[in-house]
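Undergrad: In the order they appear, the protein sequences are chains A and B. Numbering follows this note's numbering, in which position 138 of the first sequence is assigned residue number 138; successive positions increment by one, without gaps. Numbering follows this note's numbering, in which position 523 of the second sequence is assigned residue number 523; successive positions increment by one, without gaps.
It is possible that some hints are incorrect.
[As the list claims (entries may be wrong)] Within a straight-line C-alpha distance of at most 30 angstroms, the following computed DSS-like cross-link-like pairs (lysine-lysine) qualify:
(1) B:Lys473 <-> A:Lys47
(2) B:Lys368 <-> A:Lys47
(3) A:Lys375 <-> B:Lys47
(4) A:Lys440 <-> A:Lys473
(5) A:Lys473 <-> A:Lys368
(6) A:Lys382 <-> B:Lys316
(7) B:Lys368 <-> B:Lys316
(8) B:Lys375 <-> B:Lys316
(9) B:Lys292 <-> B:Lys368
(10) A:Lys384 <-> B:Lys407
(11) B:Lys288 <-> B:Lys460
(12) B:Lys292 <-> B:Lys382
(13) A:Lys368 <-> B:Lys288
(14) B:Lys460 <-> B:Lys368
(15) B:Lys316 <-> B:Lys473
(16) A:Lys47 <-> B:Lys384
(17) B:Lys375 <-> A:Lys47
[To be verified] Examples of chain B residues lying across from chain A (beta carbon under 8 angstroms, computed):
(18) Ser253
(19) Asp256
(20) Arg485
Honestly, the hints are just simulated from the structure, not real lab data. These numbers were taken from a predicted model, which means no experiment stands behind them. Glycine included, every Cβ here is placed at the ideal spot set by N, Cα and C.
Number of protein chains: 2
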Amino acid sequence: MMGLMMHRPLLVSEILDYAAEVHPLASVVSRTVEGDLHRTDYPTLRKRAVQLSFALEKLGIRMGDRVATLAWNGFRHLELYYGISGIGAVCHTINPRLSAEQLIYIAGHAQDRLIFADLTFVPALEKLKDHLPSDLRYVIMTDRAHMPENSLDALCYEELLEGQDDDRQWPEFPEDTAASLCYTSGTTGEPKGALYTHRSNVLHSLQAGVSGFVVDMGEDARILPVVPLFHVNAWGLPYLAPMIGADLVFPGSALDGDSLYDLIESEGVTSAWGVPTIWQGLQDAIDKRGGKPPSLRQIVVGGSAAPRAMIERFEKMGIRVNHAWGMTEMSPIGSHGFLPWQIADAPFEERMARKAMQGRRAYGVDFKIVDDSGKRQPHDGKSKGELYVRGNNVVSGYFDNEAATEKAMDAEGWFGTGDVASIRPDGYLQLHDRAKDLIKSGGEWISSIDLENIAAAHTKVASAAVIAVSHPKWDERPLLVVVARDSDDLPTLEELRDLIGESMASWQLPDDLVFVEAMPLTATGKISKLTLRESLSDYVHPELRGEGNG
Amino acid sequence: MMGLMMHRPLLVSEILDYAAEVHPLASVVSRTVEGDLHRTDYPTLRKRAVQLSFALEKLGIRMGDRVATLAWNGFRHLELYYGISGIGAVCHTINPRLSAEQLIYIAGHAQDRLIFADLTFVPALEKLKDHLPSDLRYVIMTDRAHMPENSLDALCYEELLEGQDDDRQWPEFPEDTAASLCYTSGTTGEPKGALYTHRSNVLHSLQAGVSGFVVDMGEDARILPVVPLFHVNAWGLPYLAPMIGADLVFPGSALDGDSLYDLIESEGVTSAWGVPTIWQGLQDAIDKRGGKPPSLRQIVVGGSAAPRAMIERFEKMGIRVNHAWGMTEMSPIGSHGFLPWQIADAPFEERMARKAMQGRRAYGVDFKIVDDSGKRQPHDGKSKGELYVRGNNVVSGYFDNEAATEKAMDAEGWFGTGDVASIRPDGYLQLHDRAKDLIKSGGEWISSIDLENIAAAHTKVASAAVIAVSHPKWDERPLLVVVARDSDDLPTLEELRDLIGESMASWQLPDDLVFVEAMPLTATGKISKLTLRESLSDYVHPELRGEGNG
Ligand SMILES: Nc1ncnc2c1ncn2[C@@H]1O[C@H](COP(=O)(O)OP(=O)(O)OP(=O)(O)O)[C@@H](O)[C@H]1O
Ligand SMILES: Nc1ncnc2c1ncn2[C@@H]1O[C@H](COP(=O)(O)OP(=O)(O)OP(=O)(O)O)[C@@H](O)[C@H]1O
Ligand SMILES: [Mg+2]
Ligand SMILES: [Mg+2]
């Protein structure tokens with residue numbers, strides 16, 4: 001029997017309407033690429049998103065059309081989120097850190113009709129122009145005064161908005177309508193498109209609301225999304241923040257530790273979201289200045305494993321760290337590391353050990369782990385297997401890519417994450433590695449994440465990565481790659497093996513150590529193991545060096 | 001264009017699965033009618049709900065069948081919520097405070113197949129039995145040892161569960177499937193059924209999660225639902241609490257101020273939810289004992305207007321009050337009175353004035369106010385009109401009641417609340433009265449709520465109600481009905497008119513004052529103006545008494 005309740009579509013536009021009406025006092029601050037600090041609020045933002053939506057319609061944009069953005073975190077990018085999706089078009093955020101090739105591939109694959117770009121990216125677009133779809137039109141996200149000379153025949157964002165009506169009832173359409181499009185970052189292969197729906201974006205935020213994120217940020221949240229609006233909806237913050245009436249502080253393009261420190265301090269940021277490499281930079285800035293920015297009380301970290309040493313440093317400064325796991329294909333939140341309050345008084349060591357795990361699943365997300373034959377493994381904290389996920393915020397396939405879709409989905413309709421994990425009886429998820437980064441030594445697996453985590457805790461190590469190198473007897477052996485804190489005081493292999501040996505078996509310890517100046521990063525700021533493997537492709541295992549190489 | 005995300009049905013069973021897996025440390029405490037204090041947790045509760053679901057199937061219950069409950073707040077009632085809805089049957093909670101007539105009407109109208117009753121209600125059921133559907137079966141919610149002699153041929157709850165499997169994958173079905181059924185409380189007329197869906201129940205909780213309720217309770221919430229599980233899903237707490245991993249403390253049948261005080265104190269309750277009459281009782285207990293229960297930090301009050309005086313008393317004790325508005329037809333939350341944090345430092349008077357309003361709309365709920373001709377009124381804080389609502393948690397009609405449905409829904413598909421309201425530009429809702437309780441004096445409306453609110457603030461007044469009495473010249477005039485704090489120290493009409501006159505116009509002041517021993521209450525614990533009007537039907541306005549009556 002069907003019930004008798006209204007069935008209203010879950011639409012993204014409802015979020016902005018709600019914020020404008022119910023949270024008029026919240027503020028949105030942006031460090032712009034033009035150089036100033038811009039301040040606005042949700043009522044104003046709604047008016048401008050409405051103006052933008054009319055301008056898009058006048059440019060011929062219709063439901064389902066893809067409209068691309070190539071931009072930093074700022075208020076105009078947020079307006080695009082709502083102006084584009086609000087009329088049923090698809091907001092396609094492009095990651096500007098992708099290679100030229102990938103960018104051309106993506107814009108062509110998505111068949112973008114319009115692209116909105118920050119000033120920063122005009123030169124790059126001019127170079128790529130001939131390889132991009134010939135009917136693509138360009139809009140530069142600035143005002144007339146800042147419009148640069150350009151060969152793009154580009155429109156000016158502020159001029160587009162001028163004179164348009166600033167109020168409308170947003171159109172209504174089914175909640176499964178596509179709202180936004182984001183390609184994976186290409187860490188492990190060619191970018192693949194995740195095509196989010198209005199339903200998935202709205203539910204993703206609602207789910208975050210009951211999964212610890214909202215309660216941990218507190219009612220007076222002032223959020224710094226260092227996570228980019230150009231990748232996986234900045235972890236959902238463009239939807240969650242207006243829903244709960246949180247302030248947003250957008251950092252623009254200045255993402256180094258010092259710039260972030262200054263912005264957090266001057267704007268009173270309470271909660272900051274980003275990948276571990278970003279927080280490395282912030283920790284250095286904090287060390288330099290002798291203390292944390294007073295207002296900062298919470299950090300959400302994810303995208304790759306946050307080393308326990310990093311979590312501990314922040315927690316000791318009085319900054320709560322929430323270690324979250326997710327994927328482009330999951331909108332992206334899959335789990336969170338908030339401690340159950342019942343164990344808030346557990347010893348520091350125990351709490352930190354937990355915080356280094358990937359935590360408990362978010363509401364609405366189902367987990368299963370399966371072995372190579374596809375058999376489900378128990379959630380006993382020991383059995384490992386590939387993690388499969390299911391939920392309204394999970395892709396059912398990739399945009400226009402049947403081959404990739406086929407590979408990712410299993411017979412029961414679950415999505416394979418490519419991550420190897422175990423799940424404890426109390427619901428805690430622990431990622432051991434990406435399947436592709438696991439090291440297979442003598443038929444046994446070694447987790448690169450575990451090794452990195454411990455190595456990163458050494459005082460002489462700034463950051464650590466472990467990759468597999470080939471070995472005639474063991475197939476693969478782990479190689480430790482390190483960026484030293486001080487190039488005049490390098491850690492020795494012996495020191496690091498001793499440290500790792502305290503908690504791992506001797507056959508799992510790395511046989512060798514290589515120093516690099518800086519870690520190569522992916523387009524989303526993660527350590528790029530692909531690049532590391534490439535640049536170390538000539539590396540030869542010590543045991544083999546006698547044979548003519550050493 | 002449709003997006004490419006999984007479409008999983010939003011089902012109530014998912015909530016309990018989630019709590020059992022992710023929140024195993026949370027506890028559920030119940031003061032039982034058998035007399036003891038019972039303790040359990042979500043994993044155990046899930047096992048028992050699963051056992052119950054198998055037992056129901058063996059009793060022939062199928063999707064869509066209505067299964068009724070007649071019970072206080074306790075763990076078995078919560079198991080019924082999930083066991084019944086989990087298999088697609090409809091959990092029909094019956095309000096035991098309804099009259100025998102209404103109860104018979106409801107059980108017949110709903111065509112209940114089974115009824116689960118607490119020990120308390122066995123005698124009543126025995127009396128009603130011959131008037132209830134002849135094929136209705138009875139289950140008494142207790143164990144074998146406590147089973148009473150009875151003429152109902154009743155089954156025993158614990159025996160039903162015994163030996164059933166305690167794990168299952170819940171069946172999947174469309175999210176618009178009926179999950180639960182609740183009849184209005186009959187304050188204004190014959191009970192009408194609201195037939196909630198899985199989607200509406202799940203979304204209602206998710207919406208509460210981003211609308212201030214979760215953040216205000218804090219992560220270590222230990223919730224006392226004084227609001228009954230037998231009316232409007234206890235304001236959604238049976239779904240919200242497991243979702244967020246909050247503890248639940250169920251008070252059973254002991255709802256007087258002293259019993260609540262003791263339970264709050266001994267169980268460390270942090271958040272308590274209920275109607276104003278309940279909190280009146282608690283305030284008296286607090287006065288008697290000279291202080292609040294230490295753990296209690298928040299009260300959610302709604303169901304009828306919470307007098308400002310009551311809110312102020314609690315706030316001065318250090319208990320935050322959230323004044324929420326809602327309806328049976330809204331699952332029920334429509335608005336909440338959490339202050340925007342940006343005005344947390346406003347003067348006490350200003351904050352309390354705001355807290356006495358009904359607050360801002362919850363996410364997912366739309367408001368409009370219209371005048372008698374159906375024309376929309378501006379949200380300017382001045383224009384009044386009937387409040388209409390729309391949202392996934394709002395009924396699209398009444399269960400098997402076309403006449404009532406037709407009356408309630410407007411041409412645009414909105415639901416008419418019967419409440420007269422205004423909305424301020426900052427989104428604040430202010431209820432002036434139920435349309436039926438407004439007093440029409442000389443063509444102008446007087447709000448009974450406003451008068452009651454002020455009268456209730458007088459130190460000599462325990463509670464106050466205002467009803468309309470007829471008047472030949474003015475049509476209607478307000479009559480003030482008062483329960484005095486001390487029957488030896490009654491407030492005078494003059495004193496009360498003086499107080500009310502400070503903020504209301506002289507023509508709005510009540511012309512007369514009547515004392516009663518206690519207010520008549522409705523089945524949900526609200527002051528019953530219907531009963532007051534009936535019992536005062538012989539009342540004659542002072543100006544007319546000379547004419548042969550006085
Ligand atoms: N908290 C975390 N701990 C460990 N690994 C994480 C965490 N969060 C994310 N990851 C890793 O990041 C992956 C998801 O990242 P994302 O979707 O941004 O792109 P990518 O997988 O890095 O790139 P691509 O899919 O293009 O190869 C996860 O599958 C997981 O391997
Ligand atoms: N915070 C509040 N302030 C003022 N009035 C409230 C508040 N909360 C609820 N109400 C009143 O209660 C009504 C909803 O109550 P409920 O659905 O429990 O049944 P009822 O309306 O009292 O009974 P019935 O519909 O059977 O007459 C609202 O329409 C409103 O008039
Ligand atoms: Mg990936
Ligand atoms: Mg009503």
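Undergrad: Evaluate each hint against the coordinates.
TA: Hints, one by one, checked against the model:
Taking the CA atoms of B:Lys473 and A:Lys47, the gap is near 50 angstroms; set against the 30 angstroms cutoff, the hint is violated. At roughly 20 angstroms between alpha-carbon atoms, B:Lys368 and A:Lys47 fall within 30 angstroms of each other, so this suggested pair holds. The suggested pairing of A:Lys375 with B:Lys47 holds, with an alpha-carbon distance near 24 angstroms, which does not exceed 30 angstroms. Simply put, A:Lys440 and A:Lys473 have alpha-carbon atoms about 11 angstroms apart, close enough for the 30 angstroms limit, and the pair holds.
Restraint check for A:Lys473 and A:Lys368: not satisfied, since their Cα atoms lie roughly 34 angstroms apart, outside the 30 angstroms limit. Under the criterion of a C-alpha separation no larger than 30 angstroms, the hint pairing A:Lys382 with B:Lys316 is inconsistent with the structure, at around 52 angstroms. Distance check on the hinted pair: B:Lys368 and B:Lys316 sit about 34 angstroms apart at the alpha-carbon level, beyond 30 angstroms; violated. With a CA separation close to 42 angstroms, the supplied pair B:Lys375 and B:Lys316 exceeds the 30 angstroms bound.
For a cut-off of 30 angstroms, the pair hint linking B:Lys292 to B:Lys368 is broken: about 39 angstroms separates their Cα positions. Using a Cα cut-off of 30 angstroms, the hinted pair A:Lys384 and B:Lys407 is violated, with the two alpha carbons roughly 59 angstroms apart. For the hint pairing B:Lys288 with B:Lys460, the CA-to-CA distance comes to about 17 angstroms; that is within 30 angstroms, so the pair holds. For the hint linking B:Lys292 to B:Lys382, the alpha-carbon distance of about 38 angstroms lies beyond 30 angstroms, and the restraint is violated.
Our distance criterion of 30 angstroms between C-alpha atoms is broken by A:Lys368 and B:Lys288, whose separation comes to about 55 angstroms. A hinted pair counts as satisfied when its Cα atoms are at most 30 angstroms apart, and B:Lys460 with B:Lys368 does not qualify at roughly 38 angstroms. For the hint pairing B:Lys316 with B:Lys473, the CA-to-CA distance comes to about 44 angstroms; that exceeds 30 angstroms, so the pair is violated. Taking the CA atoms of A:Lys47 and B:Lys384, the gap is about 26 angstroms. The hint holds against a cut of 30 angstroms.
Taking the CA atoms of B:Lys375 and A:Lys47, the gap is about 24 angstroms. The hint holds against a cut of 30 angstroms. This hint is violated: B:Ser253 has a C-beta 29 angstroms from the nearest C-beta of chain A, more than the 8 angstroms allowed. For B:Asp256, the suggested interface contact is broken, since its CB lies about 31 angstroms from the closest CB of chain A, more than 8 angstroms. Interface hint at B:Arg485: violated, since its Cβ lies 36 angstroms from the closest Cβ of chain A, which is beyond the 8 angstroms cut-off.
Consistency note: the structure conflicts with the earlier hints numbered 1, 5, 6, 7, 8, 9, 10, 12, 13, 14, 15, 18, 19 and 20.
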